[in-house]
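Residue numbers (the working numbering), protein chains in the order written: chain G, 1 to 302; chain F, 303 to 409; chain A, 410 to 866; chain Y, 867 to 1049.
Worth flagging that the hints you see were computed from the coordinates, not collected in a lab.
Since we're looking at a predicted model, the values are computed, not measured.
Any given hint might turn out to be false.
[To be verified] Pulled a few chain Y residues facing chain F out of the computed Cβ check, cut under 8 Å:
1) Phe940
2) Leu980
3) Arg996
4) Val1008
5) Phe1010
6) Leu1011
7) Met1015
8) Ala1020
[Stated by the list, open to error] Computed footprint of chain F on chain G; a stretch qualifies when at least three of its residues, placed anywhere within it, have a C-beta under 8 Å from a C-beta of chain F:
9) 3-9
10) 20-27
11) 160-172
12) 251-259
13) 277-290
Even for Gly, the Cβ is constructed at its ideal location relative to N, Cα and C.
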Amino acid sequence: MSTLTPLGVLAVALGGAGCVAVLECVVAGTRLAPATMARLASTTVRQPLRRPATYDSWLFHLAPGLLLIAAVMALATVPWAPGFRGVDFQAGVILFGGALAYVTPAVFMAGWGVGTPLGVVGGFRWLALMLAYAMPLAMVVTAVAAPAGSLRPSDIVEVQHAVPMALVQPLAFALWLPAIVAVCFLPPFDLPQADSELGGGAFAGYRGLDAAIVWLAQRVLLVAVSGMTAALFLSGWHGPLLPPAIWMAVKTVGVATLVLWAGRRLPRMEVDRTLALAWKVANPLAIVAIVIAGALTLAFYR
Amino acid sequence: MTAVEFFFVLLALLLGLLLSAYALVLWRRGVEVTRRGEQPAWPRYHVRFYTVALLFIAFDMEMAYMYPWAAVFRDLGFFAYAEIGFFLTVLGLGIAYGWREGALEWS
Amino acid sequence: MVLRLRRSRHERVPGFVIPDEQTWTLLGAESAMAGLQLTANPAAARVVLAPDPIPDELAEGVAALRELLPDDVAIDYRALPVPVGTRVRDLRVGTEAPAAGMEHGHGEHDGHGDGDGGHHDMMAIVGDPSADGLIMESIQLSHGPLAAPLPGGLVVDVTLDGDVVAESAIRALLRVEPAGPEPRVPDALTPVAWTVVFAEAVARAGGGSTGSERAWLSLAAVELERAVSHLAWLRSLGRLLDLHPLIEACTRSLAALQASRAILPYDTPHDDWLEAAVGAPDLPDGRDALSDLVKLVTRSRGLRWRLRGRAVLTKAEASSRGLCGPVARASGRAVDGRTDDPRYARLGFDPALGTQGDALARAILRAEEALAAVDLARRALEADACPDAGGVPGGAAVTEGPRGPLSARWTDGRWLLVAAGAEPARRAAADAMVGLEWSAALAVLASFDLSPWSVGA
Amino acid sequence: MSDLGTALVFWPSAAIMLVTALYVFITSSMARAGLLLLAALGIEGLIFVALASEFLGFLQLLMMSGEMVIMVFFMVMFMPDPGGLMGMDMTHDKRRSAAVAAAVTVALAAVAVLTDWPARVVGDDAPDVRAIGFEVMGRSMVTFLFAAMTILFAMVGGVLLAKAGGRYGIGAPLGEARGEAGD
């Protein structure tokens, strides 16, 4: 790991965000417009910051920054290639969970900070959604780490050299996918900033640099989450012909496209039903997934 | 360059970039205040999912024990599996009790 | 998992439409919105379209909206064929300046809901405990006149207890004062139906009866507008629920039905005006797209998950509230102005009836009615001899509009206009919203397809 | 991490942590107070990571953010004027609490300075996760199982208190004992 790796992570963040923007145009079927996107981005950043008179001192302007830091830290833990393993901690998967956990206060700060009724409602709906996705996300990480016998993402990738974890533990994979869509507040879980119901909700007050940072953070979050899905479930950089980094990129783009495509096909979820569904179905299934993971580890991965 | 150094260098780099971006925009463009004269809507918000939050805190504590188990389980064998089995059934009982008492519904 | 990559011809820029997408579609200005990717969040809008004379009731809403728009976005005023609302100078259906502006709702975009906890004693917590025994403060919110997926001009004053709606009241801001002998279209969401009713009433006031050739044409025009109105509503429901398959299916059907359909402001509809209102719709193609749409609506798990069992209106309740139109028919109350019309009997018309009366039944019924309307329009255009539409001279002319019967009567020097079932539907929607979480409450409100125009006394 | 690196990270973040902890009591807005406490505990997690105990540091980052946000919405629910519009003073009988605070600080500082901590320098790649794992699964297995029971008691107790009526919805009217209350 050379000293340039932090810049490498930032490069992956920016490149990934651009790639996700292009993916959205592809999935939505609109013509690619790089000129328009560039113009929109530059005009947005050139606007002055805007602050509603109802805003709460620093919460309003700190939220986008915290969101971006959480997103990039989550991205830093993803092992992209044997040579570039990102932040290679022994407990890297927990750092991934910890970084994602800071998206919750960031969106609540935005919702509470803007002060408008619908913004506050958006902030509290996000808390309810956090209660729904947090437990499956954390328990599935345990289920995946057990066979690998370590919490280091690259070790988990190594243990999948024969067969990807998605085939070994399909239940864990099925619980993981909706949780990662909810973490990135992408449709069908875009409850905090539901455009049609809350008119922009928690992020309605943002203009200029704040809005650009929130837009960037959401895309970086999607790149981080898709990358980690590829690493934990689709045997990371292992693959027959192509070099490791290319495999990782292909799998990440695949997962991101699946997430964006599913978002367009499903209606927006309701908070109370999602919460009840998560605690009545997803959590018990997550417990079962851990039990299955234990059995599989004893049987195959000794 | 160890992982911890990498982590803090990246964090410092991010903070630096964000602060400089905000400083530049504030210096060049300043801030506009909109919706003047409106009172912020900060009520004592009637959160409807507080019972689920209580269950969530207990479950979050559980994760503190599940992670070390996942790290060492492969080398310990069946005994650790039985232990975590007990641990998970206890948690399952917690959810079942919450479900029966209607803690999972929107109050 | 087949990922259908479609290339749309032109670039889609995020846009916002004042007063709302339904009004522009109904006035035949769908092509103006072609290059836009409609968004409900003004902050994300890059292009804002508005009709040239904006109704003055919406002035405050537009001012509040302008403050939310990004700095470099200006409102782009476009002249619509039938100008929307009261400030109408050259609408030949109405001549002189608008009547005195009615009382202005305070509808600024987002009400300043300061919790009423401001004045009470610092440490004591007073108030009436809500259902689970907690004493909480509520948020007052007026979901403003320009809340995008809902029709522009409809204001919902809501008291939110947390996420759940505690009280709600619905106000329709827009209004056209019927003044003088010239009939004026009081509801921009159903211009063709009202103009046909006026023509019928003028004919009846003169004692004669409308010619047979025009009777079929006006029937086809009314039925086509019903189909377009239901499709535009279904598309706004799709936008509210963020269900893109439904949005795209509605857009495809509308494209087929809207081919060269235009609403021209003539006072008494001559044949060329009716032809313009009907346009040259590609009915067979429209019919296939519509049958796919009906299949999608009836079988879509997403719609069922969001709308089933919401705001159930039993048959008795519908009749006691005096509801009409699709809302009543969805709960089993067979009240349809077209059943006793000989022309419809000639075309073999039988009203579609729902049974559950919940939000999903209303959506499915409107989709089926749109499909039936296209069939009726096709048969009406091919029919020849027309039975005499026996109307008692001097009586009220009644036509079944997309939201219920519309009747107009010219008596002692002024127009008597009645849109039955509009006010009861607003009250029913307001009562149905209580006790639901905010997103469910909005879905229920949308399922009533309320018109923002208040008609009559 | 080198000593210089550790010092570079430790001292500024310790200072920021103390400032945010102090502001928790100075601000009048409940939401801001809760989120400042979250920031303080988050920075404490970073300090743990800097001092080479990564697992505990990440665990703090993960769990503290979830729980502090829940504390924030409980504070917003139950404290009057959560938005801090009236500028309510949060501190009460200042003198005695200041004295207690000073005493506790001195005691902790004494403990920190006077005890001779083991000089064993733990390298960055010390297997702390596996060490805790073997500890929990081996020697202190009883505490692990007892912790499981404590979590269950916490869940049952929490739900029991929160849902006063339980599944039959027999609401306990405010102030009256539950026994003889009607429905």
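So, going through the hints one by one against the coordinates:
Among the interface hints, the one on Phe940 of chain Y holds; its C-beta lies about 7 Å from the nearest C-beta in chain F, closer than the 8 Å criterion. A least Cβ separation of about 29 Å between Leu980 of chain Y and chain F goes past the 8 Å threshold, and the interface hint is therefore violated. About 5 Å separates the beta-carbon of Arg996 of chain Y from the nearest beta-carbon of chain F, less than 8 Å, and the hint is met. About 11 Å separates the beta-carbon of Val1008 of chain Y from the nearest beta-carbon of chain F, more than 8 Å, and the hint is not met.
A hinted interface residue such as Phe1010 of chain Y counts as satisfied when its beta carbon comes closer than 8 Å to some beta carbon of chain F; here the least separation is about 6 Å, so the hint holds. Proximity of Leu1011 of chain Y to chain F holds as hinted, the smallest CB-CB distance being about 7 Å (cut-off 8 Å). Here the hint on Met1015 of chain Y is kept, as its CB sits about 7 Å from the closest CB of chain F, short of 8 Å. The restraint placing Ala1020 of chain Y at the interface with chain F holds, with a minimum CB-CB distance near 5 Å, inside the 8 Å limit.
Chain F is given as covering the segment 3-9 of chain G, and this holds because 5 residues of the stretch bring a CB closer than 8 Å to a CB of that chain, at least three being needed. Judged by the Cβ-Cβ criterion of 8 Å, the segment 20-27 of chain G is not covered by chain F as claimed, because only 0 of its residues qualify and three are needed. Residues of the segment 160-172 of chain G with a Cβ under 8 Å from some Cβ of chain F number 0, which does not satisfy the need for three, so the listed coverage is violated. Only residues whose beta carbon comes within less than 8 Å of a beta carbon in chain F count, and the segment 251-259 of chain G has 0; fewer than three means the coverage is violated.
By the rule of at least three residues with a Cβ nearer than 8 Å to a Cβ of chain F, the coverage given for the segment 277-290 of chain G holds, with 6 such residues.
The earlier numbered hints that this structure contradicts are 2, 4, 10, 11 and 12.
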